[in-house]
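Novice: For reference, the chains in residue letters:
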Amino acid sequence: MPDFGFSIQSSQPIDLDKTYRAVYNFVKEKEPSIQRCIYCGACGATCTAANFSQMSLRKVNLLLLRGQIAEVRQLVEHCLLCGKCMLVCPRNVNTRKMILLIHQALKMPLS
Amino acid sequence: MKFDWFVIPFLAGLTFVFGFCCIKFYLWIQRLSRGEKALLKKHFFSPSLWVSIKEIFNESLLHRKIFRTNALLGYMHTSLAFGWFLLIVLGNIEVKFYSHYSVNPPYVPIFLNYFEPNTAPHFFGRGFRFLMDFLLLIILSGVALAYLKRFQPNRFGMRRTMQHQVLDKLAIISLWCIFPARLLAESFSAALYHNGSFLTNTVGKWLSFLPVDNLIYPAWWGYSIVLGIFFFSLPFSRYMHIPTEVLLIILRNAGIRSRYFNHPFQQVDIYACSRCGICIDACQLSTLGYATQPAYYLRSLRYKTQHNELTENCLLCGRCVEACPVGIFSTDIRSHERTLGHEMNSVHYNFSKNIPKQKNVEVLYFAGCMSHLVPGIKKAMTSILNQSGCSWSMLDEQETVCCGRPLLLAGQITAANQVIMHTRSLIERSHARILVTSCPICFKTFKENYRLNANVLHHSQFIKHLQDEQRIVTQRISAHVKYHDPCELGRGMNVYNEPREVLSHIAHLLPTNHEKNKSLCCGGSLGNIFIDVDSKLQIATNTLQQMDIRSADYLITACPLCQKTFSAVSPIPVKDIAQLVADNLLLANAENKNNYAMISENA
Amino acid sequence: MKNVGKQLIWQQYQKEIAEDHFFYVRSCIRQNFFPGAEATFLRILKDVLHKDVYDDPAHTTCTGIGYHTDIIPLETTMTVVARQFALMTEKGYKNFIPSCVTSFGLYLEILESWHNHPEVLNQIRKYLKEATGRTFELPENIVHASDIIYKFRREIASKAKYRLVNQQTGQPLRVVEHIGCHYAKMFPHKSVGGAEFPRVLSGIIEEWGGEVIDYPERRHCCGFGFRQYFIKANRGYTFSSVKKKFDSMHPYSPDLIVTNCPGCNVFLDKGQYVISEQEGIVYGANGYGIPVLTFEELAGLIVGFDPWDIGLQVHQVSVEPLLDKMGVWYEPEKKYRGKNNIPLGQPLQPTVLKTF
Amino acid sequence: MSKIAIIGGGIAGMEAAIRLSALNFEVHLIEKSFILGGHVKNWHMLFPDLSSATQLVEQQKNQLRDSVNILLGIEVIRASYTNNKYTLYFSDGSSNTFDAIILTTGFKLFPAQRKEEYGYSIYSNVITSAELEEYFQTDKPLYTKEHRIAERIAFIHCVGSRDDKVGNRYCSKVCCVTAVKQAMETARRNPGAEIYLFYMDLRMFDRQFEDLYFQAQTQYGIRFIRGRLSEVSEKPDSRLFLKFEDTLLGKPLRLTTDMLVLMVGMEPAENTGQLARLFNVPVGNDKFLLPKNLHQYRNLTNQPGIFLAGCVSGPKTIGETLTDARSAALEVYNYLNRN
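Chains as they are written, first to last, in numbering that gives the first Met the number 0: chain Z, 0 to 110; chain L, 0 to 602; chain B, 0 to 355; chain P, 0 to 338.
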């Protein structure tokens, strides 16, 4: 191949046609309250782990829905499970369980 | 030597139980670590063994703890256990009076009326027959109560009873049949030989219209068979608790505890559960319809059935442990099981390596994550600490840090250790002599997992000291308050009295139906990772109803999580103890600052 | 697909296209990369449609490339544009047709600026006068060269020798049309059909028997973007855009791509070579690429000009599969022969993309 | 007896007519089309209680007393004002004199083809919310134009609302909850279908609206994405390829669907401007008619004897429209009994 001095970047958009929803579905089946989220961001605002990381549960939930598993993996590893998010969530999402289930799903061969 | 073929079912059963228990106990003890074996050995050859024996007598036979739960329930258990025990002991003594027995096979005292139809003519002979009849009557009354309990558990103080499995049902039916079968056999014997006393003679007389000569031998067979069935089903049913509880008491008093999942002590715990169902009422999750109580959980562990949900669905409030008549540490087992296979995928906490240098202070205050959601606590503690005149600083003023216990409660040991290491270094940096925290969750972890040089106090303890030293002065108000013991502070750390003393200095402290170790959980517990927030609030509502808080002006608690949970559903204001104190602080003289050292030394 | 809605839209985007007497200005890129294309356009206007068109040898670049890469001040650009208009005025023409889409956009932009800021127009008149002594009138009608072909598409069709129909199957050829961004996205109302569903090329294709493919990335830029392509390290952006377009049109299996913009034609044609080398992907059938033609070349082919006279041999992607489908007669041995049969030499062969 | 003209025979016009005829006024209800009931007669179910729309319209029709003079197929062409009375000249050549006039001409649906890039009237599987609502009158599940069961359906909020590009900056108010309602109905008819709602903001402002939203999330698994549609294309199999920006993640997003439903907003009815000129009533920036003020005098105009009710003065829900019409009736009563 000739040396072009540049390369073609991979496509950036999220392709919902090919979205990988297995992790979300796994979590949803075991903890249906994940569906109640309205992405208000209260969880991220109060998050203890957000003091020293990019952690935001709102973002985790969105990324799960859009199948962006690599990013989910990076975010959830910051969680301290302290449960503050659960206390501020206006839709009463069982956030701690959600995080543990995500970890469980990420360990499974499907991802 | 007397023998008849009908003793075979009994004898085989007895041999089986004995053999099974010996092997099982041996295997358990063998799996103990060397240190634990040494502890056990030491326990056996020291006066502390007496404590175990006393406890075995009190609990395995007399069932004192069940008496405390409900007298009728206690009587039922005592009559069956202690009555049967006495029946066996007296039976063995009685045999001695029939001198031609040099060696007594175990079946002879059980079937004495068959082998020795004629009562010994002397006083002891008749006396023993009377005693044996009396004990049988007591036991039969216990059996009758057991029948009644099936149908009317409410009379025994139980709102919910255990749903049993087939094998347990077989065992319980055979147990219920044992003593009526004995009564029948002995009554037939009394009808023929007049060798009974007030009970068997009377029943024998009533039954004399039957062809007693033909029925007596089958009746002895029947008695032996039900005994045999019971013994054979015992190792596989809940009645395995009878022998196991003895071992449990000894191991527990020797200081052995379950340290990891599947530890031999845990196995003993599991087998020692009688599934009496007392924990079901104690557990607040049963009001939500969950069958997740230790009785079910331990059963599932014992028979190795699927129980992920049972492991997770527990508030870890410890009410079941307090209520358990056997004293099984079921919360420990759940905590240990949570560490298995549930470990988070990977954790990566980018804790800053450059921890800013803390100024040296006497008191380091750690509010805790949850207190940041209840800023009233932080504010109250600030004014109390300022008033106390000591030098202090707040560790998590700018950025909240976590104590690591939420991770521990979820079984995330590795992750928790990372957090603990970090937070510990933050605390040690300040060289404070006293670490005060507002959160019982943090408090428990600081005490148990941190190995800090500083003296760790919950703020209620700290305030108590300040009050005692008169470093803060509070006014009395006419309000009535009720105090809710947070699980982690009360049952978790045995801090019951300090908050009560602090409160009684300020307001009228009203008693509740659930004081101290009987206190209810607010439902907000971080221990439960299964139920959703709606269920938690339902528990909180139930708790408030049971505490009957409407008679008070304020509900006082000492945990930000309890306060947050209760506030969502409480009809009256919920306050932290620190808030009540801060609201009623009187300006004190700031002269005796130097006395402060005393607190840290005395505490 | 319903055409009702499109027709409603097209009704809103109609413009006046002059009938005759055109002043033609060339495109920097087109005359360098596809040198036959502009000659073919002039030949069609003169010989097929019998129109009066003037191709002034004195005209220059419009500076559009320099303008879009931020290296030429606006006043300079305006003055150069004013000089083009001066040439037109001097030769007595009023209808201005640029060959380049970027030039077209630039002329419109400048005319719009002058319309809103007459003082700038006066300033530019002064500059031009000072620099060259010339004066100028604004064109009465300014359209892109593809608009002319659109206007006369029926006339060309009536004189056509071939149609955009597969001779073997009788099915219409599946044609992708690509419109340069500066044609309609800047001033939709100065275009035929607007920016969302442009009509200028689709009208031509349908008139000549082809079937237009409406694929999702149809509106996407070819990626030239001036600033992107002219910095070597950024060229990846350009070819990512090209790849995105090809990935999107691939399921429709197009036979042909037609463009009205010189730059787009370069990147869609040469881009297939870059993608094949870097990613190993070829989009056309049998390992050949998808032929990319300019609208002039397509018109020339339709009216029966010799493919090698039009300049189709300088395309990266071989056009022979297309010629075979259309049934166009050509002499393969003459592909790389110039005037008087002089050999032009053979191009190097790509490693992945197959060529004739 | 005072005479009142009500121009527009939708639910607002009918409600005002019912109330005023009950007060013994002579009411003339003027409707341009040949059927009463306006837009609502085409609707299937009403949010949030999912009650029947036709039933509402039928009830109203039954309540219109004989004293109401219903003029169908008639438009007002000219008006004059003398001695506190309005004379209206009608399209059939007749004329009549009235003491008060209520304008209840309502709204028209945003013509979706004005959002060219969404492909309405170009791609066969792009439909409007109004078409979907009418389709719901049948019991059938949702089919594509190629008679395939729709397995993936996207709803696009704010088509023609909150969009300066089409000249409508205002929120049409009802589309958010309508989309949720229609998405749930679609989920009921096409079980297992993936349903996406693409919204800018979800404005669940009224009672029980949030409950519907909650139900849609938890019972029907409707997928809400805060995202803006940029353009639509058709795939070779005639499915629709949509390009969005996921505005929460800040990333471009792509999706192929079987059907696309455009939640078209409200615009003032076609003759609103003409009526405004006729009666000299001011028009707002949003081209809806302006009441005297937006608080106490929502039904009054700056012209004596001219009243407004319903969507002629801005988008309203059905509940709000009916309340507005009743309040207008009371204002007319007060006006006619002012001396």
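There could be a bad hint or two in this list.
What the hints assert, rightly or not - Computed list of lysine-lysine pairs in BS3-like fashion (alpha-carbon distance at most 25 Å, straight line):
1. Lys58(Z) with Lys250(P)
2. Lys29(Z) with Lys58(Z)
3. Lys53(L) with Lys41(L)
4. Lys144(P) with Lys234(P)
5. Lys243(B) with Lys17(Z)
6. Lys184(B) with Lys164(P)
7. Lys31(P) with Lys107(P)
8. Lys168(L) with Lys23(L)
9. Lys303(L) with Lys106(Z)
10. Lys144(P) with Lys27(Z)
11. Lys184(B) with Lys234(P)
12. Lys184(B) with Lys50(B)
13. Lys243(B) with Lys107(P)
14. Lys234(P) with Lys243(B)
15. Lys250(P) with Lys184(B)
16. Lys189(B) with Lys139(P)
17. Lys14(B) with Lys250(P)
18. Lys303(L) with Lys29(Z)
19. Lys234(P) with Lys1(B)
20. Lys1(B) with Lys286(P)
21. Lys31(P) with Lys164(P)
22. Lys17(Z) with Lys164(P)
23. Lys17(Z) with Lys234(P)
24. Lys27(Z) with Lys58(Z)
25. Lys1(B) with Lys144(P)
26. Lys139(P) with Lys1(B)
What the hints assert, rightly or not - Short, incomplete list of chain B residues facing chain Z, as computed with Cβ under 8 Å:
27. Asp54
28. Arg234
29. Ile274
30. Gln277
31. Ala284
32. Gly286
33. Asp323
If you're looking for bench data, these hints aren't it; they were derived computationally from the structure.
In this text, a Cβ means the ideal position worked out from N, Cα and C, and glycines have one as well.
Novice: Look at each hint and say if it fits the structure.
Specialist: Now the hints, each set against the structure:
This hinted pair checks out: Lys58(Z) and Lys250(P) have alpha carbons roughly 12 Å apart, not beyond 25 Å. Restraint check: the Cα-Cα separation between Lys29(Z) and Lys58(Z) comes to about 20 Å, which is no more than 25 Å; the hinted pair holds. Only pairs whose Cα atoms come within 25 Å are accepted, and Lys53(L) paired with Lys41(L) is accepted, the gap being roughly 18 Å. Taking the CA atoms of Lys144(P) and Lys234(P), the gap is near 14 Å; set against the 25 Å cutoff, the hint holds.
A distance of roughly 16 Å separates the Cα atoms of Lys243(B) and Lys17(Z); the hinted pair therefore holds under the 25 Å criterion. A C-alpha spacing of about 15 Å is found between Lys184(B) and Lys164(P), which places the hinted pair at or below 25 Å, so the restraint holds. Between Lys31(P) and Lys107(P) the alpha-carbon distance is near 13 Å, which keeps this suggested pair within the 25 Å criterion. Restraint check: the Cα-Cα separation between Lys168(L) and Lys23(L) comes to about 23 Å, which is no more than 25 Å; the hinted pair holds.
Restraint check for Lys303(L) and Lys106(Z): the C-alpha separation of about 24 Å stays at or below 25 Å, so the hint holds. Of the supplied pair hints, the one linking Lys144(P) and Lys27(Z) is violated, its CA atoms being roughly 33 Å apart against a limit of 25 Å. A distance of roughly 23 Å separates the Cα atoms of Lys184(B) and Lys234(P); the hinted pair therefore holds under the 25 Å criterion. Taken as a hint, the Lys184(B) and Lys50(B) pair is broken in the structure, with Cα atoms around 29 Å apart against an allowance of 25 Å.
Simply put, Lys243(B) and Lys107(P) have alpha-carbon atoms about 40 Å apart, too far for the 25 Å limit, and the pair is violated. A hinted pair counts as satisfied when its Cα atoms are at most 25 Å apart, and Lys234(P) with Lys243(B) qualifies at roughly 15 Å. For the suggested pair Lys250(P) and Lys184(B), the alpha carbons sit about 23 Å apart, so the restraint of at most 25 Å is met. At roughly 46 Å between alpha-carbon atoms, Lys189(B) and Lys139(P) are farther apart than 25 Å, so this suggested pair is violated.
This hinted pair does not check out: Lys14(B) and Lys250(P) have alpha carbons roughly 38 Å apart, beyond 25 Å. This hinted pair checks out: Lys303(L) and Lys29(Z) have alpha carbons roughly 22 Å apart, not beyond 25 Å. Note on Lys234(P) and Lys1(B): the hinted pairing holds, with a Cα-Cα distance of about 14 Å set against a maximum of 25 Å. Restraint check: the Cα-Cα separation between Lys1(B) and Lys286(P) comes to about 32 Å, which exceeds 25 Å; the hinted pair is violated.
For the hint pairing Lys31(P) with Lys164(P), the CA-to-CA distance comes to about 30 Å; that exceeds 25 Å, so the pair is violated. Of the supplied pair hints, the one linking Lys17(Z) and Lys164(P) is violated, its CA atoms being roughly 32 Å apart against a limit of 25 Å. Note on Lys17(Z) and Lys234(P): the hinted pairing holds, with a Cα-Cα distance of about 16 Å set against a maximum of 25 Å. The straight-line distance between the Cα atoms of Lys27(Z) and Lys58(Z) is roughly 16 Å, inside the 25 Å bound, and the hint therefore holds.
Proposed proximity of Lys1(B) and Lys144(P) is supported: the alpha carbons are some 11 Å apart, at most 25 Å. Taking the CA atoms of Lys139(P) and Lys1(B), the gap is about 24 Å. The hint holds against a cut of 25 Å. Annotation: interface hint on Asp54(B) violated; nearest CB of chain Z at approximately 36 Å, more than 8 Å. Because the closest C-beta pair between Arg234(B) and chain Z is about 4 Å apart, less than 8 Å, the hint holds.
Checking Ile274(B) against chain Z: minimum C-beta separation of about 7 Å stays under 8 Å; hint holds. Interface restraint check for Gln277(B): the shortest CB-CB distance to chain Z comes to about 6 Å, inside 8 Å, so the restraint holds. With its C-beta approaching chain Z no nearer than about 22 Å, Ala284(B) sits outside the 8 Å limit, and its interface hint is violated. Checking Gly286(B) against chain Z: minimum C-beta separation of about 17 Å lies over 8 Å; hint violated.
Hint status for Asp323(B) relative to chain Z: violated, with the closest Cβ pair at about 30 Å, above 8 Å.
Checked against the numbered hints given earlier, this structure breaks hints 10, 12, 13, 16, 17, 20, 21, 22, 27, 31, 32, 33; the rest are met.
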